[in-house]
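Undergrad: Listed in order, the protein sequences are those of chains A, B and C. Position in the first sequence (from 1) plus 92 gives the number in the numbering used here. Position in the second sequence (from 1) plus 6 gives the number in the numbering used here. Position in the third sequence (from 1) plus 448 gives the number in the numbering used here.
Please keep in mind that the hints were generated in silico from the structure rather than gathered at the bench. Even glycine gets a Cβ: it sits at the ideal position worked out from N, Cα and C. Don't take every hint at face value.
Claimed, not checked - Sample of chain A residues facing chain C (criterion: CB under 8 angstroms; computed from the structure): (1) Val272; (2) Leu275; (3) Ala281; (4) Val283; (5) Val293; (6) Lys300; (7) Ser494; (8) Leu497; (9) Tyr502; (10) Leu509; (11) Ile516.
Unchecked claim - Below 16 angstroms or equal to it, Euclidean Cα-Cα: the simulated EDC-like pairs (lysine to aspartate or glutamate) are: (12) Lys132/B <-> Glu531/A; (13) Lys65/B <-> Glu14/B; (14) Lys132/B <-> Asp370/A; (15) Lys114/B <-> Asp370/A; (16) Lys34/B <-> Asp217/B; (17) Lys139/B <-> Glu531/A; (18) Lys300/A <-> Glu795/C.
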Amino acid sequence: MKKFFSDLYKKANTGIWPIVIALAFMVVGAVSVYQSPRSLTAFLILMATPMILYFMKMDMKVKVFIGLMLIIVILPVLGIRNIFYLEVIFQMAVFAALALGLNIVIGMAGLLDLGYVAFYAVGAYTWAIFGSKQLSLLHSIPGAAPADAPFALAPQWFWLFLFLGVGLAAMMGILLGLPVLRLRGDYLAIVTLGFGEVIRVLALNLDKPINLTNGPQGITPIQRPPLPPEGILQFLRTILTPIVGHPPTDAEFYNVMFYFIALIIIGIVILVATRLEDSRIGRAWTAIREDETAAIAMGVPLVKMKLAAFAAGASFAGAMGALYAANRTFVSPETFSFQVSIGVLTMVILGGLGSIPGVIFGASAVVLLNIQILQNFSLYLSDLRQSDKIIPIINFAWKDLSNQLDPAKYQKLVFGLILILMMIFRPSGLIPAERRQRELGEDKIEEE
Amino acid sequence: MALLQTNEVVKRFGGLVAVNKMTFSVEKGRIVSIIGPNGAGKTTFFNSLTGIYTPEEGKIEFNGQSLIGLRPDQVASAGIARTFQNIRLFGSMTVLENILVGMHVRLKQNPFDILLRSKHFNDEEKESEEQAKELMAYVGLKNVGNELAHNLPYGGQRRIEIARALAANPTLLLLDEPTAGMNPNETEEAIKLFRRIRDDKGITILMIEHDMRVVMGISEHISVMDYGEKIAEGSPKEIRSNQRVIEAYLGRGAAVAHERKQ
Amino acid sequence: MKQIAENPVYKFFLFPIGQIIVFSLGASLVLSLITVLLAYIFKFNVTDFDLVERTLLILPQVVINGLTIGFVYSTIALGYTMVYGVLEFINFSHSEIFMVGGIVGIQLMAYFEHIGVLSTMNEYLVIGLAIILAMAISGGLAVTVERVAYKPLRGAPRLVPLISAIGMSFFLQDFVRLILSLTTGEFNVILPKFGTFDEFWVIAIPAMANPLRIQIKSAIMVGVTIFMLVLLNFLVNGTKVGKAIRAVAQDRSSASLMGINVNQIISITFLIGGALGGAAGVLFALKATKLDPFSGFFPGLKAFTAAVLGGIGNLTGALLGGLVLGLLEAFSASYLGIFTNGAFGAEYKDIFAFAILIAVLIFRPSGLLGETVGQKA
Numbered sequence: 093m094k095k096f097f098s099d100l101y102k103k104a105n106t107g108i109w110p111i112v113i114a115l116a117f118m119v120v121g122a123v124s125v126y127q128s129p130r131s132l133t134a135f136l137i138l139m140a141t142p143m144i145l146y147f148m149k150m151d152m153k154v155k156v157f158i159g160l161m162l163i164i165v166i167l168p169v170l171g172i173r174n175i176f177y178l179e180v181i182f183q184m185a186v187f188a189a190l191a192l193g194l195n196i197v198i199g200m201a202g203l204l205d206l207g208y209v210a211f212y213a214v215g216a217y218t219w220a221i222f223g224s225k226q227l228s229l230l231h232s233i234p235g236a237a238p239a240d241a242p243f244a245l246a247p248q249w250f251w252l253f254l255f256l257g258v259g260l261a262a263m264m265g266i267l268l269g270l271p272v273l274r275l276r277g278d279y280l281a282i283v284t285l286g287f288g289e290v291i292r293v294l295a296l297n298l299d300k301p302i303n304l305t306n307g308p309q310g311i312t313p314i315q316r317p318p319l320p321p322e323g324i325l326q327f328l329r330t331i332l333t334p335i336v337g338h339p340p341t342d343a344e345f346y347n348v349m350f351y352f353i354a355l356i357i358i359g360i361v362i363l364v365a366t367r368l369e370d371s372r373i374g375r376a377w378t379a380i381r382e383d384e385t386a387a388i389a390m391g392v393p394l395v396k397m398k399l400a401a402f403a404a405g406a407s408f409a410g411a412m413g414a415l416y417a418a419n420r421t422f423v424s425p426e427t428f429s430f431q432v433s434i435g436v437l438t439m440v441i442l443g444g445l446g447s448i449p450g451v452i453f454g455a456s457a458v459v460l461l462n463i464q465i466l467q468n469f470s471l472y473l474s475d476l477r478q479s480d481k482i483i484p485i486i487n488f489a490w491k492d493l494s495n496q497l498d499p500a501k502y503q504k505l506v507f508g509l510i511l512i513l514m515m516i517f518r519p520s521g522l523i524p525a526e527r528r529q530r531e532l533g534e535d536k537i538e539e540e
Numbered sequence: 007m008a009l010l011q012t013n014e015v016v017k018r019f020g021g022l023v024a025v026n027k028m029t030f031s032v033e034k035g036r037i038v039s040i041i042g043p044n045g046a047g048k049t050t051f052f053n054s055l056t057g058i059y060t061p062e063e064g065k066i067e068f069n070g071q072s073l074i075g076l077r078p079d080q081v082a083s084a085g086i087a088r089t090f091q092n093i094r095l096f097g098s099m100t101v102l103e104n105i106l107v108g109m110h111v112r113l114k115q116n117p118f119d120i121l122l123r124s125k126h127f128n129d130e131e132k133e134s135e136e137q138a139k140e141l142m143a144y145v146g147l148k149n150v151g152n153e154l155a156h157n158l159p160y161g162g163q164r165r166i167e168i169a170r171a172l173a174a175n176p177t178l179l180l181l182d183e184p185t186a187g188m189n190p191n192e193t194e195e196a197i198k199l200f201r202r203i204r205d206d207k208g209i210t211i212l213m214i215e216h217d218m219r220v221v222m223g224i225s226e227h228i229s230v231m232d233y234g235e236k237i238a239e240g241s242p243k244e245i246r247s248n249q250r251v252i253e254a255y256l257g258r259g260a261a262v263a264h265e266r267k268q
Numbered sequence: 449m450k451q452i453a454e455n456p457v458y459k460f461f462l463f464p465i466g467q468i469i470v471f472s473l474g475a476s477l478v479l480s481l482i483t484v485l486l487a488y489i490f491k492f493n494v495t496d497f498d499l500v501e502r503t504l505l506i507l508p509q510v511v512i513n514g515l516t517i518g519f520v521y522s523t524i525a526l527g528y529t530m531v532y533g534v535l536e537f538i539n540f541s542h543s544e545i546f547m548v549g550g551i552v553g554i555q556l557m558a559y560f561e562h563i564g565v566l567s568t569m570n571e572y573l574v575i576g577l578a579i580i581l582a583m584a585i586s587g588g589l590a591v592t593v594e595r596v597a598y599k600p601l602r603g604a605p606r607l608v609p610l611i612s613a614i615g616m617s618f619f620l621q622d623f624v625r626l627i628l629s630l631t632t633g634e635f636n637v638i639l640p641k642f643g644t645f646d647e648f649w650v651i652a653i654p655a656m657a658n659p660l661r662i663q664i665k666s667a668i669m670v671g672v673t674i675f676m677l678v679l680l681n682f683l684v685n686g687t688k689v690g691k692a693i694r695a696v697a698q699d700r701s702s703a704s705l706m707g708i709n710v711n712q713i714i715s716i717t718f719l720i721g722g723a724l725g726g727a728a729g730v731l732f733a734l735k736a737t738k739l740d741p742f743s744g745f746f747p748g749l750k751a752f753t754a755a756v757l758g759g760i761g762n763l764t765g766a767l768l769g770g771l772v773l774g775l776l777e778a779f780s781a782s783y784l785g786i787f788t789n790g791a792f793g794a795e796y797k798d799i800f801a802f803a804i805l806i807a808v809l810i811f812r813p814s815g816l817l818g819e820t821v822g823q824k825a
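All chains, please: the whole structure from these sequences, using the hints.
TA: Shown next, in the form of structure tokens:
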């Protein structure tokens with residue numbers, strides 16, 4: 093049976109076939125999502141396309157072309173038709189960037205950081221405080237804000253704060269790292285966890301003595317970066333109206349814009365991560381992960397390199413935090429709980445520690461699981477609850493099922509199971525990291 | 007002036023004095039060995055030299071620079087490279103990458119070079135890859151550059167470790183039991199390699215070794231440690247007939263027997 | 449002198465009790481003195497009332513609160529420190545073992561209430577039964593968790609079992625929530641009202657304005673934990689099993705060469721640690737009166753901090769660390785607000801523990817009393 097499939101895969105993976113399969117998935121997926129925007133199956137078919145592109149053998153140019161078609165044309169169009177998909181993909185991008193950042197810290201350098209969400213929070217609150225009315229409310233009690241308070245900065249400032257978020261988060265990474273990076277691995281885990289909680293508690297309580305974070309209520313509204321000029325929007329409206337069936341609204345344009353910003357950032361993040369990995373710095377990180385004593389004896393300055401890993405990882409989170417704050421126009425301490433840190437850790441572990449494609453896959457899979465599959469399962473259960481069906485053998489009526497049982501709220505269970513199972517059965521992840529193979533001009537002895 | 011000079015170095019662990027007043031020197035361009043029974047403090051002394059441990063007392067000078075208080079990476083940058091008693095390669099990195107890590111101290115690429123893939127970066131990477139290939143050939147490894155280090159056989163791993171240490175272009179190479187676990191053929195090869203390293207590259211070698219064929223075969227100077235102290239030093243010939251050394255190794259009875267035989 | 453030291457009554461009863469008393473008094477005294485000193489320093493900050501006077505007024509009560517919660521932390525910390533001693537691994541899911549103990553205890557009381565016997569039963573018997581059941585279930589759960597999630601990973605790099613333990617912690621939180629939701633439809637469990645232990649003993653102290661008020665349940669908490677600490681001391685230092693545990697903690701492979709069944713000893717360690725956690729859970733529940741599947745997290749983290757504070761792997765250290773941490777928490781909760789004139793208040797008491805943890809790890813990573821296990825290279 094296994095042989096049958098592997099033979100089949102080998103056959104399918106030669107010549108023109110991969111291109112045909114990729115295109116088929118993309119077209120079938122796109123058409124079925126277009127037809128029935130609510131179908132999960134349709135969306136999964138479409139999302140299989142990038143996987144096929146990644147894994148199957150085909151010309152690089154073709155891969156890039158199909159990939160660009162998918163992300164620049166097809167997804168935004170479908171996204172305007174059903175805004176939910178843009179949201180899913182936006183979240184995938186945000187979490188993929190977070191996971192890539194954490195991957196540098198834990199996957200490459202081997203430092204278990206359980207408070208990663210803190211850097212995300214720093215980025216988010218940086219823009220939240222300056223991009224909202226909060227600065228003029230520093231001396232008012234949360235909830236009692238005057239409605240006519242002015243925004244402190246114009247929305248264009250977002251772009252600067254995106255970079256500031258990166259810098260501040262990196263600085264926090266270094267500040268936290270300086271004292272704690274000398275600690276051994278398991279202590280580091282607990283201390284970073286504590287740091288994550290400290291940041292959350294600060295966000296929760298820094299509504300006094302001056303009201304910096306507005307406490308548990310969070311900060312809203314936060315400004316979004318401005319849309320492109322009206323001329324461009326008008327042009328896009330004329331093109332898109334016949335395709336999506338209605339003139340796109342500003343809200344939809346905002347979503348598409350955030351989708352593209354997220355894409356650009358994730359592109360940069362991937363570029364930075366791959367380039368760092370394949371350099372003196374990346375090699376030093378891996379050496380530290382493998383054997384600290386040997387690494388330092390080879391002249392790798394441990395603390396400096398660990399700080400670099402912390403700062404690099406944190407900076408990705410900072411960027412995504414600022415983006416997230418603008419996208420939601422709202423931040424609150426609840427968004428930055430320990431659970432998010434573990435969620436990102438789960439993505440890294442699921443995909444494969446140290447494996448950049450693996451981590452992106454892990455992030456996509458976990459996001460999909462969280463906001464689509466579990467959600468659908470919840471809907472299915474609530475449908476059952478409203479029906480008169482019973483479970484046959486044990487004679488249990490579905491309508492007696494507790495309302496508390498809402499799979500969408502059992503993310504911790506899912507994260508926990510993934511972590512345990514992966515550690516026991518596949519600690520290197522679903523798409524394990526591979527070392528770069530170089531052209532060394534050596535005669536490779538063929539094994540077969 | 008000696009390349010490496012230690013003066014009354016003391017390293018304690020709690021009440022245990024692992025290294026006691028070691029005064030010791032290595033002349034430039036020589037092959038020097040430290041021998042002694044198990045637990046004599048040889049590796050501890052090595053670790054004190056390389057900054058893994060900080061000695062409580064004494065001086066260590068290398069090339070006229072004090073090594074006391076330097077971190078291991080700073081010691082490495084100063085020009086001392088080492089191998090480990092129980093091989094410590096970066097197992098899941100390729101052989102080539104292991105050697106590239108060894109070059110860490112002399113690569114100049116900064117984060118901007120790395121992120122922008124500047125000409126400087128590309129040139130340096132290409133050059134270091136070439137050098138790594140040469141080093142692999144130098145230690146007698148072929149077609150293994152892309153293998154993961156932990157997939158290599160034992161003898162091969164020993165060689166990579168030496169290549170990795172050489173990659174830093176050290177002035178002094180410390181080898182901690184470099185032929186342990188090798189068969190006679192491999193040992194023979196290793197001896198030749200050490201000679202070549204000294205002769206071609208002019209690198210001074212200081213090694214800890216148990217195999218007397220190796221020690222007597224290539225050392226120009228030998229120091230003997232027992233219970234953390236230096237009990238003898240001299241040429242191989244002198245050491246071979248030194249009473250205290252024989253006692254330390256074989257016990258008093260054997261020493262007396264040895265005397266009688268002579 | 450040596451004879452006294454070897455006398456079992458002294459060794460297993462008087463000595464540990466004496467140690468507990470010395471630690472409690474010593475830690476209370478030191479922290480009180482520091483607080484009073486701080487009160488003098490911050491005096492300028494407060495103009496409405498005399499800061500020193502106010503500080504002294506509530507001091508005895510704060511000490512009592514701190515010791516009460518401190519003993520609970522000590523008991524949980526023992527679970528962390530025992531496992532760390534034997535396996536050199538942070539059993540992250542211990543906080544959930546503790547939570548399960550608390551919930552099991554409350555559920556038993558709720559069951560008694562449900563069948564209508566709670567009000568007629570002796571309240572101490574109820575608590576005793578709840579503790580015993582919680583110890584059994586938490587102990588069993590700890591052993592199961594070890595078998596399922598940690599044992600297959602023995603010998604893997606250090607972070608691997610740690611990540612598995614984090615996963616287990618998350619899994620258990622939601623799994624308990626799932627079970628509670630399915631069986632009772634509600635995942636908050638509330639301690640039923642019974643007995644008289646909510647009442648206070650009021651002790652008038654001549655030199656002080658306010659009489660000392662000790663809640664009966666605080667006394668129960670302290671009494672039970674001291675009893676268990678003494679029992680544990682006997683178990684570890686006076687029995688064959690304890691000897692085996694110490695041997696495994698020293699050197700696992702040598703212990704196994706000496707004919708000790710290492711797997712069995714590890715299971716027993718988890719059993720003891722889990723049982724202690726379960727008992728602590730019930731005691732904590734008495735105080736908190738309401739638990740949910742997530743209530744283990746913070747006490748667990750603090751207990752871990754306590755273990756590190758005292759010196760991880762060191763049983764006496766866990767006791768001292770727990771007491772110090774409990775006191776520090778009580779002091780920060782009561783005085784932070786007063787000293788800073790309301791700018792920072794009790795809401796920072798949770799992160800106070802982390803601040804201490806970070807400080808300890810930076811300045812004295814081996815803890816107050818030193819670790820008994822070093823990192824093996």
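Undergrad: It remains to establish, for every hint, whether it holds in the given structure.
TA: Tested hints:
1. Val272: At about 7 angstroms, which falls below the 8 angstroms cut-off, the nearest Cβ of chain C leaves the hint on Val272/A intact, so it holds.
2. Leu275: Hint on Leu275/A: holds, closest Cβ of chain C at ~6 angstroms, below 8 angstroms.
3. Ala281: Hint holds; Ala281/A Cβ to chain C Cβ min 6 angstroms, cut 8 angstroms.
4. Val283: For Val283/A, the interface hint holds, since the closest Cβ of chain C sits about 6 angstroms away, which is under 8 angstroms.
5. Val293: For Val293/A, the interface hint holds, since the closest Cβ of chain C sits about 5 angstroms away, which is under 8 angstroms.
6. Lys300: holds, 7 angstroms
7. Ser494: Since chain C brings a Cβ to about 4 angstroms from Ser494/A, closer than 8 angstroms, the hint holds.
8. Leu497: holds, 5 angstroms
9. Tyr502: Interface hint status for Tyr502/A: holds (5 angstroms vs cutoff 8 angstroms).
10. Leu509: At about 6 angstroms, which falls below the 8 angstroms cut-off, the nearest Cβ of chain C leaves the hint on Leu509/A intact, so it holds.
11. Ile516: holds, 5 angstroms
12. Lys132/B <-> Glu531/A: Between Lys132/B and Glu531/A the Cα gap is close to 11 angstroms, so the pair holds against 16 angstroms.
13. Lys65/B <-> Glu14/B: Judged against 16 angstroms, a Cα distance of about 7 angstroms means the pair holds.
14. Lys132/B <-> Asp370/A: holds, 13 angstroms
15. Lys114/B <-> Asp370/A: Since the Cα atoms of Lys114/B and Asp370/A sit roughly 15 angstroms apart, the hinted pair holds (cutoff 16 angstroms).
16. Lys34/B <-> Asp217/B: Violated: Lys34/B and Asp217/B sit about 24 angstroms apart, past 16 angstroms.
17. Lys139/B <-> Glu531/A: holds, 11 angstroms
18. Lys300/A <-> Glu795/C: Answer holds: Lys300/A to Glu795/C is near 12 angstroms, not above 16 angstroms.
The structure fails hint 16 only (numbered hints given earlier).
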